[in-house]
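One line per chain: the protein sequences are A and B, in this order.
Just so you know, the numbering used here puts 37 at position 37 of the first sequence, and the rest follows in order with no gaps.
Numbering-wise, the numbering used here comes out as the position in the second sequence, counting from 1, plus 1000.
Among the clues, some could well be false.
Said to hold, decoys possible - The calculated SDA-like cross-link candidates involving lysine to any residue, where the alpha carbons are at most 25 Å apart (straight line), are:
1. B:1109 x A:19
2. B:1183 x A:77
3. B:1139 x A:12
Worth flagging that the hints you see were computed from the coordinates, not collected in a lab.
These are the residues of each chain, in order.
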Amino acid sequence: MDRKHILVALVQDRPGVLNRIASMLRRRNFNIESIAVGHIEQPGLSRMTIVVEGDDANIEQVRKQLDKVIEVIRIADITGESPVAREMAMIKVKATPSTRSEIIQIVDIFRANIVDVAPDSLILVVTGTSDKVDTLIELLRGFGIREMSRTGTIALPRGGPGPLTIEENKPLRHVVEQAAPEEENLPDW
Amino acid sequence: MIKTGAEILCECLIKEGVEVIFGFPGGVLLPLYDTIPRYPQLRHILVRHEQGAAHAADAYARVTGKMGVCLATSGPGATNLVTGIANAYLDSVPLLAITGQVPTHFIGKDAFQEIDITGITVPITKYNQLVLDINDLAKAVREASYVAQVGRPGPVLLDIPRDVFQARIEFNYSDKVDLPGFKPKLFGHPAQIKKAADLVNSAERPVIIAGHGINISKAFPELKELAENAQIPVVTTFLGIGCFHESHVLSYGWLGMHGMGYANKAVHNADLLLAVGMRFDDRATGGVSTFAPHARVVHIDVDAAEIGKNIAVDVPIVGDLRNVLQVLNKQIERREHIGWLSQLDEWRSQHPAMEIRHHEDILPQYIIRQIHEATRGDTIIVTGVGQAQMWAAQYFYYDRPNSFVSSGGLGTMGFELPGAIGAKVGCPQETVWCIAGDGGFQMTVQELATMVQEDLDINIAVFNNGWLGMVRQWQELIYNKRYFGTQLYNPDFVKIAEAYGIKGVKVSKKIDVRPAIHKAMEHKGPFLIEFIVEPEENVYPFVPPGKTIVEFLEMPNPAASVKK
Ligand SMILES: Cc1ncc(C[n+]2csc(CCOP(=O)(O)OP(=O)(O)O)c2C)c(N)n1
Ligand SMILES: [Mg+2]
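Bound-form chain A, shown alone (with noise of 0.2 Å):
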């Protein structure tokens, strides 16, 4: 059964390693819905998030694709571990003087800013799932929007240490299972 599923993977920056990835994911033909790459704590390494479709066995396919690439040193499918997955939208959108407080009342049901205030529109910026950010264009849709951008997901597990936490004094690549999860998940080292 197809689903969204939510990679995130620990990428060193080398120049071409966006490329590489990109180039892996239409190469095999994978459905991507989004990816988000930004800096991480550790200096030398970036956090990508990468929101592709598919069944199980297609999305493990990706993961292990994926972890090939040399530059990825950790890749982890977090979809099941109920992560809080959040993307933000920018929205500019036609407000007259008769729609303008009809939008700021959807603005504030949907904890939105408005960020900007023009004579005949309003730019406002929305963080949320995906589905809150699509309801919420849905909703402006009618007043018509001018510009949004979408950021994509970006994705954290809950709670203790996750797949990608980097543990310190412990070699990068040692601290996940970095084979075939099928393989039964007893380290073997």
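Position chain B with the ligands relative to chain A; hints supplied.
Only chain B with the ligands this time, still in chain A's reference frame:
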């Protein structure tokens, strides 16, 4: 010591154990070409086209088990390597491709002969890097060489700008590899191996499918031990040919589209498949939804991503085959499987695919068999792609690992001549036979000059059928003989050879086949035989695309065929 980038590159290659570079120069490589002669440990072989350099290095790697190295200039030199790199990628060959690049200050300016070769080769390399700083050069070579050879081998590419070759630094060599993201898993999981052993010990109709991974991991004794102890029949993949003695009683040929009927039947009816070092390529599995419907599958491979990619697997084991099989063998019980083996033998007698029917003219299969007899199987066969390739795989008995060198995954016509060069350079003591189609031969024919210049004793058999035979066969069988774009106007191949200074003979009578083969082998230096063969011979068995592997077509009218 202060060293130039070019010197550092040469010294690092030597440290990696490199002895041969197949290359072709150009503007940005001049500083390097000015340096290589000062390192006599590095033999440079000048090819006539960069594709040839990549194929030669590829074949060199296959026969020696070492990394092959090819070298090309920026722009067109680099793009000419692409086919060869892709070939090595699909067949998991450790290949280091080095390309020159325009000087760093020109990069991004569309300078003369600037091309983004690292961008182009992302999907066909295991790793690549544009080395912008001479301080990174030695590390880049070390890492590229390591990645190419460790885990599942594959091609890597280093793109080096001209000014990096020319720059100078105080050079201190370090063999440290710092690649936190490169994590090949070399030892199988003990619990998984135990599960595999349980399945093997309880199987009634087990089959081992042995692939190219056995060659790569050199797990020959382990494979033999496994097969013999548990009396499990062994079927190889196309690239696995030779990893298990084909004359062994437990050898049942190779599977797939043109594989032996009995091999396909064995796999189809098995209750357990032990897939070792293979990747369930569609040419091997045929229609994948109906592949081996009764079998549980144990899949052992060093590349985790191969497991579950094409078919569902019951017991996955990720690890180097040698290590895994050593542990597995300790847990395997002695078995007989008499009923199952006699069933296989019965299938073998029902589908004697490898017989050669009587025919007035020269059948290509007959030539292959004659080469086998003349060499007693003691030769390296390097093939092109097409019908002749398949006959070479079918009608020769391979009893030595890596004695069959062929482009499997990419199916690259033109691999034959440069491939034979690489094999001969890698194994100068061995006899090398190049099995060329008349089509494929003309794709890299210029490498005849390389053979002469390097004085390589290679025997070339050109199968002149006047067709792009394999495509013609498909047009005949699937497109109702609507032949188009497949008939060849051919030159006189013997005259071509002569023009390059290569001796040759044309053979159009069956009676002349054997003497010509012997003549070629007695001759020192390259020798070409142009065989005029039966033009419309087809390769059988043939599993039409999409069909289950047991739905193979056999040579029509088997009654007319007699034992050789
Ligand atoms: C570079 C390349 N182009 C096209 C093909 C498609 N193709 C596969 S086999 C074949 C015919 C090969 O002809 P030839 O070399 O004469 O060998 P034959 O089949 O006649 O023995 C062709 C065109 C290919 N495999 N490689
Ligand atoms: Mg031909």
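Consistency of the hints with the structure:
1. B:1109 x A:19: holds, 20 Å
2. B:1183 x A:77: Holds - the C-alpha atoms of residue 77 of chain A and residue 1183 of chain B are around 18 Å apart, at most 25 Å.
3. B:1139 x A:12: holds, 16 Å
In summary, the structure agrees with every hint in the numbered list given earlier.
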